[in-house]
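Given these sequences and hints, build the entire structure.
As they're listed, the protein sequences go chains A and B. Here our numbering is used: position 86 in the first sequence is 86, and no number is missing along the way. Count along the second sequence from 1, then add 142; that gives the number in our numbering.
Hints are supplied without guarantee of correctness; some may be wrong.
The following label-pair restraints were derived from C-beta to C-beta distances [claimed, not checked]:
id	chain 1	residue 1	chain 2	residue 2	range
1	B	LYS162	A	GLY96	46 to 56 angstroms
2	A	GLU78	B	LYS162	21 to 31 angstroms
3	B	GLN497	A	GLU109	29 to 39 angstroms
4	A	ILE45	B	GLY447	38 to 48 angstroms
5	A	LYS112	B	LEU331	34 to 44 angstroms
6	B	ALA419	A	THR139	49 to 59 angstroms
7	B	GLY184	A	GLU78	43 to 53 angstroms
8	A	GLY25	B	SER145	29 to 39 angstroms
9	B	GLU448	A	LYS112	16 to 26 angstroms
10	A	ALA82	B	SER145	23 to 33 angstroms
11	A	LEU136	B	GLU448	54 to 64 angstroms
12	B	ARG341	A	GLU78	10 to 20 angstroms
13	B	GLY505	A	ALA82	19 to 29 angstroms
14	B	GLU330	A	VAL58	48 to 58 angstroms
To be clear about the criterion: a stretch of chain B counts as covered by chain A if any three or more of its residues have a C-beta under 8 angstroms from a C-beta of chain A, and this derived list gives those stretches [claimed, not checked]:
id	stretch
15	296-305
16	519-531
No wet-lab data here; the hints were simulated from the structure. Glycine residues also receive a C-beta, built at the ideal position from the N, C-alpha and C atoms.
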Amino acid sequence: MTAHSGKFMPRPRPETAAWWEGCRGHMLMIQRCAQCGAFQFYPRIVCSSCMSDQVEWVQSSGRGEVSTFTICRLPVAEAYAADVPYVVALIQLEEGPTMMSNVVECDPESVKTGMQVEVVFETWSEEITMPQFRPLPKTSQP
Amino acid sequence: MDSICRKVAIVGAADTEVGKVPHLGATSLCIDAARRALGDAGISKDQVDGLVTCNSMAEPYMYHAEAIAEYLQIFPRYCITANAGGGTTFSSIQHAATAIASGVCETVLVCLADSLRSGLSREQSKKMQSSTGHPEFESPYGATVPAFYALIARAHMDAYGTSPEQFASVAVSGRRHAARNPSAQMRELITVDDVLNSRMIADPLHLLDCSLVSDGGAAIVMTSAERAGDFPNEPVFILGAGEGHSHEHISQARSLTTSAAVESGRRAYRMAGLRPADIDVAQIYDCFTPVVLIELEDLGFCAKGEAGAFVAAGETDLGGALPMNTHGGMLSHCHPGNPGAMFSLTEAVKQLRHQAGDRQVVGAETALVHAQGGIMSSHATLILGRERSG
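If you want it as structure tokens, here you go:
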């Protein structure tokens with residue numbers, strides 16, 4: 001038993017396997033369309049702006065901003081109980097796309113909308129490394 | 143065919159007992175709802191040639207509607223299982239109305255039920271929680287269902303200065319109506335302070351900002367407007383219907399504070415030839431209190447950011463500008479999951495028949511019912527009226 005067994009473990013699919021491989025190497029990957037230049041997340045086999053199938057992997061800066069958040073006072077399942085209270089947030093990456101994540105390494109009560117954050121990685125299993133976010137130093141905050 | 147406007151009527155409507163109903167399983171509740179609605183319409187099961195159900199979490203079937211048809215020994219020519227709750231419920235009403243108006247079938251029974259309070263095993267409850275959210279990019283982060291909605295609540299607070307007190311006022315308003323409804327699961331009056339003092343579940347949502355977990359079922363019978371005079375109760379006509387779909391996963395939403403209720407509402411108003419000011423009573427999907435504020439705004443009852451003050455001022459109470467969720471809504475009447483929205487539809491029918499007793503909106507001629515499913519994902523709006531001619 002690790003601390004993360006029993007959590008809702010993602011199962012990579014053919015179209016997302018490369019993204020999870022990036023996470024294992026501590027790189028947050030997003031996609032950019034070679035035709036129209038649009039960035040997107042989550043991974044898709046086509047560009048959701050122009051439907052081109054020429055989508056390329058690029059590494060995100062890993063920095064972004066909390067666009068909204070909540071503090072979970074009740075765990076979604078027993079395996080999350082030790083984490084309570086934990087922050088679930090939507091993070092808008094510098095490149096534009098938004099992803100859900102946790103904000104970690106800080107007092108949950110200190111999280112604010114607009115807070116500047118950067119990606120950190122947490123190993124959940126041999127296959128799964130989860131990207132999460134922590135606040136950037138105070139000097140970077142708005 | 144231009145539109146279904148005024149071509150289809152609801153001629154039967156009924157609810158089962160709701161709340162904690164351990165003596166009936168999910169399938170039994172569905173059948174009981176059907177039996178009551180057929181009785182209300184004064185027809186036999188053999189007159190039903192269309193059937194709509196939704197799947198049950200407690201007693202799922204691979205082909206749910208077919209299983210219910212088999213149980214009842216009816217042999218419909220139109221048979222659909224709505225795959226989810228919320229907006230899907232009213233989408234399927236629009237689709238069934240289209241089937242009636244185009245001659246595919248004549249008399250449709252819509253019966254939805256589930257047994258979330260008494261009928262779920264531990265494993266089923268767990269599966270229900272884990273199935274909310276994208277399995278790779280959302281669920282692992284541990285958001286509960288209230289937490290997903292808390293994300294939009296926070297966004298609405300940040301954008302418009304909406305307060306937890308204003309969210310709470312939605313629950314208070316619904317409870318006032320439930321207190322007048324002998325069927326409601328929770329009838330004891332509550333105050334804004336009661337909501338704010340209830341346990342914090344996912345900031346800024348407290349326990350009393352969250353809808354109930356219930357057993358229950360509800361059903362309606364629909365047929366063509368031409369035949370609507372042949373039934374014992376006054377018919378209620380479908381004047382307008384519209385849908386809007388913006389995302390499945392909240393992390394992919396176009397906006398956190400403006401929903402596809404804008405589109406579903408606009409489409410329904412246009413079909414009905416009515417405006418928000420023409421609506422006498424509204425039943426607005428209230429799985430969590432902030433959802434109601436966004437829907438009131440997006441359906442044109444308030445400007446963006448003003449629904450909190452509107453509800454807090456009592457405008458959604460009986461006697462207010464827009465009496466809302468007159469049965470108590472899912473916050474106080476019942477919420478058995480997928481069937482949740484059906485009770486607002488049967489309540490709208492009662493209101494338009496002027497059979498709502500102590501909670502009747504005097505002289506109600508038009509009603510709007512709205513539901514959403516997913517996390518503000520799929521929206522559907524119906525506008526109903528007593529008069530067939532416009």
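Checked hints:
Taken as a hint, the range 46 to 56 angstroms holds for the pair B/LYS162 and A/GLY96, whose Cβ atoms sit roughly 48 angstroms apart. Range check, A/GLU78 to B/LYS162: Cβ separation about 25 angstroms, and the 21 to 31 angstroms hint holds. Taking the beta carbon of each, B/GLN497 and A/GLU109 are about 50 angstroms apart, not inside 29 to 39 angstroms as hinted. Roughly 39 angstroms separates the CB atoms of A/ILE45 and B/GLY447, a value that falls within the hinted 38 to 48 angstroms.
Taking 34 to 44 angstroms as the suggested C-beta distance range, the pair A/LYS112 and B/LEU331 conforms, at roughly 36 angstroms. One distance hint, 49 to 59 angstroms for the beta-carbon pair B/ALA419 and A/THR139, holds here, with the actual separation near 52 angstroms. The hint said 43 to 53 angstroms for the Cβ distance between B/GLY184 and A/GLU78, and at roughly 51 angstroms that hint holds. Separation of A/GLY25 from B/SER145 is about 56 angstroms and departs from the stated range, judged on CB atoms against 29 to 39 angstroms.
With their beta carbons about 25 angstroms apart, B/GLU448 and A/LYS112 fall inside the hinted range of 16 to 26 angstroms. The hinted range of 23 to 33 angstroms is not satisfied by A/ALA82 and B/SER145, whose Cβ atoms lie roughly 56 angstroms apart. The hint said 54 to 64 angstroms for the Cβ distance between A/LEU136 and B/GLU448, and at roughly 35 angstroms that hint is violated. Taken as a hint, the range 10 to 20 angstroms holds for the pair B/ARG341 and A/GLU78, whose Cβ atoms sit roughly 19 angstroms apart.
Judged by the Cβ atoms, the range 19 to 29 angstroms given for B/GLY505 and A/ALA82 is violated: they are separated by roughly 57 angstroms. Between B/GLU330 and A/VAL58 the Cβ separation comes to about 57 angstroms, which falls inside the hinted range of 48 to 58 angstroms. Check result for the stretch 296-305 of chain B against chain A: holds, 3 residues qualifying (beta carbon to beta carbon below 8 angstroms, three or more required). Against chain A, the stretch 519-531 of chain B contributes 0 residues with a C-beta closer than 8 angstroms to a partner C-beta. That does not satisfy the three-residue criterion, and the hint is violated.
In this structure, the hints that do not hold are numbers 3, 8, 10, 11, 13, 16, in rising order.
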